[in-house]
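J.: Work out the full structure, taking the sequences as your base and the hints as a guide.
Protein sequences, first through last, are from chains A, B and C.
For reference, each letter of the first sequence is one residue, going 1 to 255 in the working numbering.
For reference, each letter of the second sequence is one residue, going 256 to 589 in the working numbering.
For reference, each letter of the third sequence is one residue, going 590 to 855 in the working numbering.
For the record, the hints were derived by calculation from the structure and aren't laboratory data.
This list has only true hints and no planted wrong ones.
With a Cα cut of at most 25 Å, we get these calculated DMTMM-like pairs of lysine to aspartate or glutamate:
hint	chain 1	residue 1	chain 2	residue 2
1	A	K218	A	E241
2	A	K40	C	D797
3	A	K133	C	E609
4	A	K139	C	D800
5	A	K135	C	E609
6	A	K50	A	E80
7	C	K666	C	D610
8	A	K18	C	E801
9	A	K50	A	E227
10	B	K285	C	D800
11	A	K40	A	E227
So these bits of chain A aren't anywhere near chain C, every CB distance computed over 10 Å:
hint	residue
12	I4
13	H32
14	H131
15	T157
16	N174
17	E184
18	V225
19	L245
Listed next, the stretches of chain C that the computed footprint assigns to chain A, with coverage defined by at least 3 CB atoms under 8 Å from CB atoms of chain A:
hint	region
20	749-757
21	799-812
As the structure is a computational prediction, the values presented were derived from the model and not from experiment.
All C-beta atoms in this analysis are idealised placements derived from N, C-alpha and C, irrespective of residue type, glycine included.
Single-letter residue listing:
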Amino acid sequence: MSHIHIDVEELNFSYENKHPVLSHINFHAHEHDAIGIIGKNGVGKSTFLKLLVGLDLSFTGSIRVEEIPVEASTLTHIREKIGYVFQDSDSQLFMTNVYEDVAFAPRNYGLSEEETDRRVQTALEKVHITHLKDKSIHKLSGGEKKLASIATILSMTPDVILMDEPSVTLDPQNRRNLIRVLNEFHHLKIIASHDLDFVMDTCNRVVLLDQSFDDAGKLLGSTVVAEGTPEEILTDEQLLESHGLELPLSLYKRK
Amino acid sequence: MHMADALIVPAVAGTMYAASAIAAGVSIKKVREENDPKKIPVMGVMGAFVFATQMINFTIPGTGSSGHLCGGMMLSALLGPYAGFLTMIGVLLVQCLFFADGGLLALGCNVWNMAFYGCFIGALLIWRPLMKKGATKGKIVLASILGCVLTLQLGAFSVTLETLASGITELPFHVFLLTMQPIHLAIGLVEGLITAAVLSFVHQARPELLWGVGEEAGEGSFSFQKTLGILAVLAAAIGGILSLFASAYPDGLEWSMEKVAGTAELEATGGVYDVFAGIQNATSFLPDYAFKGSDSAVGTSVSGIVGGLIVLGICILLANLLKFFRNNKGEIVE
Amino acid sequence: MSDLRTAKHRIETLENLAREDKWVNRLHPLIKLLVTFYFIILTVSFSKYDLNGLLGMILYPIGLFFLSDLSFSAALKRLRIVLPVVCVVGLFNPFFDRTVVAHLGGFAITGGFISMITLMVKGVLTVLASYILIATTTIEGICFALRLLHVPRILVTEILLIDRYIILLLTEANRMIQAYSLRAPGQKGVAYKVWGSLVGQLLLRSFDRADEVYAGMSLRGFNGEFPTGKPRHTSPGGVVYFIVMIILLSLLRIFPVMSLIGGLFV
Numbered sequence: 001m002s003h004i005h006i007d008v009e010e011l012n013f014s015y016e017n018k019h020p021v022l023s024h025i026n027f028h029a030h031e032h033d034a035i036g037i038i039g040k041n042g043v044g045k046s047t048f049l050k051l052l053v054g055l056d057l058s059f060t061g062s063i064r065v066e067e068i069p070v071e072a073s074t075l076t077h078i079r080e081k082i083g084y085v086f087q088d089s090d091s092q093l094f095m096t097n098v099y100e101d102v103a104f105a106p107r108n109y110g111l112s113e114e115e116t117d118r119r120v121q122t123a124l125e126k127v128h129i130t131h132l133k134d135k136s137i138h139k140l141s142g143g144e145k146k147l148a149s150i151a152t153i154l155s156m157t158p159d160v161i162l163m164d165e166p167s168v169t170l171d172p173q174n175r176r177n178l179i180r181v182l183n184e185f186h187h188l189k190i191i192a193s194h195d196l197d198f199v200m201d202t203c204n205r206v207v208l209l210d211q212s213f214d215d216a217g218k219l220l221g222s223t224v225v226a227e228g229t230p231e232e233i234l235t236d237e238q239l240l241e242s243h244g245l246e247l248p249l250s251l252y253k254r255k
Numbered sequence: 256m257h258m259a260d261a262l263i264v265p266a267v268a269g270t271m272y273a274a275s276a277i278a279a280g281v282s283i284k285k286v287r288e289e290n291d292p293k294k295i296p297v298m299g300v301m302g303a304f305v306f307a308t309q310m311i312n313f314t315i316p317g318t319g320s321s322g323h324l325c326g327g328m329m330l331s332a333l334l335g336p337y338a339g340f341l342t343m344i345g346v347l348l349v350q351c352l353f354f355a356d357g358g359l360l361a362l363g364c365n366v367w368n369m370a371f372y373g374c375f376i377g378a379l380l381i382w383r384p385l386m387k388k389g390a391t392k393g394k395i396v397l398a399s400i401l402g403c404v405l406t407l408q409l410g411a412f413s414v415t416l417e418t419l420a421s422g423i424t425e426l427p428f429h430v431f432l433l434t435m436q437p438i439h440l441a442i443g444l445v446e447g448l449i450t451a452a453v454l455s456f457v458h459q460a461r462p463e464l465l466w467g468v469g470e471e472a473g474e475g476s477f478s479f480q481k482t483l484g485i486l487a488v489l490a491a492a493i494g495g496i497l498s499l500f501a502s503a504y505p506d507g508l509e510w511s512m513e514k515v516a517g518t519a520e521l522e523a524t525g526g527v528y529d530v531f532a533g534i535q536n537a538t539s540f541l542p543d544y545a546f547k548g549s550d551s552a553v554g555t556s557v558s559g560i561v562g563g564l565i566v567l568g569i570c571i572l573l574a575n576l577l578k579f580f581r582n583n584k585g586e587i588v589e
Numbered sequence: 590m591s592d593l594r595t596a597k598h599r600i601e602t603l604e605n606l607a608r609e610d611k612w613v614n615r616l617h618p619l620i621k622l623l624v625t626f627y628f629i630i631l632t633v634s635f636s637k638y639d640l641n642g643l644l645g646m647i648l649y650p651i652g653l654f655f656l657s658d659l660s661f662s663a664a665l666k667r668l669r670i671v672l673p674v675v676c677v678v679g680l681f682n683p684f685f686d687r688t689v690v691a692h693l694g695g696f697a698i699t700g701g702f703i704s705m706i707t708l709m710v711k712g713v714l715t716v717l718a719s720y721i722l723i724a725t726t727t728i729e730g731i732c733f734a735l736r737l738l739h740v741p742r743i744l745v746t747e748i749l750l751i752d753r754y755i756i757l758l759l760t761e762a763n764r765m766i767q768a769y770s771l772r773a774p775g776q777k778g779v780a781y782k783v784w785g786s787l788v789g790q791l792l793l794r795s796f797d798r799a800d801e802v803y804a805g806m807s808l809r810g811f812n813g814e815f816p817t818g819k820p821r822h823t824s825p826g827g828v829v830y831f832i833v834m835i836i837l838l839s840l841l842r843i844f845p846v847m848s849l850i851g852g853l854f855v
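T.: Put into structure tokens, the structure is as follows:
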């Protein structure tokens with residue numbers, strides 16, 4: 001694995017030039033980082049992740065992955081390096097059974113059936129769902145779907161894993177299982193979530209996004225309002241509450 | 256309006272398979288030319304959507320009954336005729352697979368009767384010309400009702416022709432037709448109203464999703480020549496079906512059968528006759544050429560039924576024996 | 590109102606059957622598809638008075654019900670939809686074709702009666718054959734067979750996607766209908782004024798879903814071509830099965846087996 005790093009500078013984005021979503025974002029991520037992007041609903045956490053993989057290219061500023069800018073001509077290369085796990089597993093998993101779905105990317109990248117098979121086995125082992133190999137997608141539970149979603153991108157052997165609200169719709173046991181699985185990975189991980197307990201358990205850095213307004217009260221878009229270790233950000237009750245969040249439940253109880 | 260396998264003969268099935276395959280081939284070419292990979296998931300998900308909405312009961316105002324959606328017209332107003340047609344093929348194929356109601360052989364007929372008219376006639380001859388100068392609610396309602404009624408009438412007409420051409424029913428042409436068309440007028444009206452309601456909603460919420468709206472006649476768009484072309488294909492297809500229909504009553508063939516097999520000596524040796532007739536049957540897939548009025552046919556039918564019962568009895572016995580052994584060994588012996 | 594749930598249940602039941610690991614299930618899907626198709630063509634090719642020859646074809650579904658250990662009563666339920674249509678069409682035959690072709694214990698048997706029975710038997714046999722195919726073969730298997738038959742990739746892909754999203758959309762539609770009927774007690778179906786918005790909402794959601802699925806595909810290297818894999822667990826005896834079946838079916842088509850057996854006793 002090369003020394004992967006992502007550099008975002010002065011990123012601005014708005015939907016169809018009307019509604020500003022992101023404004024002046026500067027962000028840097030390095031190998032072995034596990035970064036939690038937190039913020040209340042609608043601040044653009046998912047949009048930010050989507051821009052990193054070039055799902056929308058109408059942004060200004062620069063996004064670079066290992067010094068390669070995200071633009072139309074580099075998408076194939078970038079998407080090989082970065083795997084994106086959707087919030088809704090049903091959009092991520094579009095093939096009929098787990099094996100076929102995990103094999104989708106390797107086959108698209110032109111790998112032989114033997115190599116594809118090897119990749120699929122490895123990916124399934126990494127998330128501990130080898131036994132679900134032949135199961136129909138619609139028969140999986142929510143937790144199993146999430147793990148299968150992760151396997152579908154692991155089979156591309158990415159250097160970076162992006163996850164959008166991974167803990168949403170998971171029951172406590174599946175959630176704990178997911179945390180365990182994620183902590184076994186040594187990829188660069190970027191996790192967008194408002195589940196602060198989950199972020200606490202999986203990340204070593206936290207970036208807090210919130211909307212900013214100009215003097216006239218006009219929305220400029222979301223920007224980075226705080227950055228630091230989970231211990232610094234997630235224990236700062238005043239900071240969190242002023243941006244529409246609450247202390248993680250685990251800390252709240254201890255208080 | 257689903258055709259069952261049992262209602263058609265292989266010649267009709269083959270003809271309709273060929274006609275549908277040509278339409279599918281043209282559609283695939285057109286969709287490929289558009290080169291929009293996004294169409295693929297859209298077609299798949301919309302196919303599942305049509306499938307699901309077909310299961311919804313719509314209460315028909317003023318009556319106690321309910322109607323259902325078929326979806327061809329609606330799909331092509333959203334995806335265009337080509338992608339719409341391919342999506343409908345998928346829906347019909349999956350329907351005959353998932354529900355296992357049969358229809359593998361009749362698929363060509365069903366695609367033609369339900370998807371071809373709905374998508375091509377509905378979209379190209381009605382929807383597109385009406386929406387050329389932009390869509391309004393009134394025009395959407397008009398196009399939907401007109402499209403659904405017309406395409407269902409054409410579909411019902413085809414069902415009648417295909418069934419009669421297969422020669423499995425004694426129902427006279429006009430009786431069959433007079434039953435099918437009015438029923439499908441009512442069905443078409445309901446389908447039209449549902450389609451109109453849904454498309455009006457889409458027009459209000461996300462007008463950009465509607466296909467072919469506000470397109471001025473350009474090079475690639477619909478022209479007089481193309482109308483003629485489509486009508487010619489249609490005429491040829493209907494002509495083909497009609498000629499099949501005619502050939503279901505081939506005097507010449509019946510005459511030659513009598514000459515070959517219908518002699519007294521052959522009838523006397525029943526077994527040989529049966530074998531011979533069987534071979535004749537196997538070599539010709541056209542129905543309705545023999546045995547009418549032949550006593551021996553019924554005579555052998557009786558022994559056929561007896562034979563059937565005996566075999567059934569043996570089978571039940573075997574099944575019980577098999578179960579007995581399976582329970583003992585725990586595994587089926589192959 | 591329960592149509593949506595029934596549909597979902599039917600699909601799931603069939604899928605469970607198809608995924609079982611039995612001998613017939615393991616046969617190559619292409620072979621099963623071709624044999625089924627051959628059987629259906631042979632069955633409908635019998636003339637409408639050839640009840641005698643047609644009866645022999647019953648052996649195929651009976652034999653396969655044994656081999657595949659499928660429930661016969663579940664299969665009979667499938668007939669509920671097709672049989673009425675076939676019967677209605679056939680029911681008129683005795684009225685129009687009154688040529689008496691035989692007398693059986695004082696009853697005059699007409700050609701129309703024979704052709705009606707023939708039609709019904711054809712209806713039952715063709716549906717049973719399709720049922721056996723689907724109950725022992727997964728949709729992926731059939732799609733793989735279709736690819737081998739050079740059915741265009743775009744169609745096969747579409748079928749796979751419909752297969753994937755059908756349960757999801759049925760569930761979603763069912764949820765909407767439930768929410769609707771909770772607030773519209775006593776209604777049998779969906780009232781006219783909400784036709785547009787109810788189906789329309791589902792439609793827009795489906796479009797959004799398709800957008801996201803496309804995003805998911807393109808992130809994993811999709812460029813318009815859908816890769817298709819191989820069915821696993823196919824047994825090698827397929828070719829033998831194929832040849833044996835084609836020969837047996839052809840024999841059944843040529844020789845009126847049932848009347849030959851019956852002839853020994855009558």
